[in-house]
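K.L.:
Sequence:
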Amino acid sequence: MKNILVGPRVTLAVPQPEDFDEISDWYTDADFMRRMDTAPARPLSGEDLERTYRNLDRNTEFYFHVHSSDDDRLLGFVTLYNIEWTNQIAQLAIAIGDPSDRGQGYGTETLNLMLNYGFNELNLYKVCLDVIATNQSAIAVYQNSGFEFEGTNVRAVMRDGHRYDLYHMGLFAADFQPRITLK
1 MKNILVGPRV
11 TLAVPQPEDF
21 DEISDWYTDA
31 DFMRRMDTAP
41 ARPLSGEDLE
51 RTYRNLDRNT
61 EFYFHVHSSD
71 DDRLLGFVTL
81 YNIEWTNQIA
91 QLAIAIGDPS
101 DRGQGYGTET
111 LNLMLNYGFN
121 ELNLYKVCLD
131 VIATNQSAIA
141 VYQNSGFEFE
151 GTNVRAVMRD
161 GHRYDLYHMG
171 LFAADFQPRI
181 TLK
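Per UniProt numbering, the sequence shown runs over residues 1 to 183.
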């Protein structure tokens, strides 16, 4: 039987207490915070992040830390959340923390592992996400993984005195074509 949480280069893992201090460092990077979320940028302590994790609704949110398979280094996190079991729909969020790890294919592999998990383990029908229009690298990863634009919340995000669109994207289970081989 294949391990659905392990790809060629990354592993989806249970969060460990020591991970949260490292993730806290990512929250001091304004670029990281402002691309990932529409909320105001604000540094978060490891304690804050761990508390948030401990308070997740385990019935509607599946949260993993992403580690390099080679050296077990923490790369990021990924979550399926706001799961509506009756409708088989979930939201997705993903982040690769260290700028030097971005653009290396870790995000694509992580996204594909999580989509495989969502569609084939959780039996989801559709996965949705929101992305700020300025985050072109993330948009390219989403499109290459099969996500399609479903709508635009025009000028919904304010950054540095300018307004930007927020794109809504979705992927149906029937349209998912894995881009990785499970181990």
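Source of the hints: derived by calculation from the structure; they are not laboratory data.
Incorrect hints may appear among the rest.
To be verified - List of simulated lysine to aspartate or glutamate pairs, EDC-like, C-alpha gap at most 20 Å:
1) K2 to E121
2) K126 to E148
3) K2 to E61
4) K126 to D98
5) K2 to E148
6) K126 to E61
7) K126 to E84
8) K126 to E150
9) K126 to D70
K.L.:
If a hint holds in the structure, say so; if it doesn't, say that too.
P.N.:
Checked hints:
no.: 1; hint: K2 to E121; in the structure: 12 Å, holds
no.: 2; hint: K126 to E148; in the structure: 12 Å, holds
no.: 3; hint: K2 to E61; in the structure: 23 Å, violated
no.: 4; hint: K126 to D98; in the structure: 29 Å, violated
no.: 5; hint: K2 to E148; in the structure: 28 Å, violated
no.: 6; hint: K126 to E61; in the structure: 15 Å, holds
no.: 7; hint: K126 to E84; in the structure: 10 Å, holds
no.: 8; hint: K126 to E150; in the structure: 12 Å, holds
no.: 9; hint: K126 to D70; in the structure: 31 Å, violated
Violation of the numbered hints given earlier is confined to hints 3, 4, 5 and 9; the remaining hints are satisfied by the structure.
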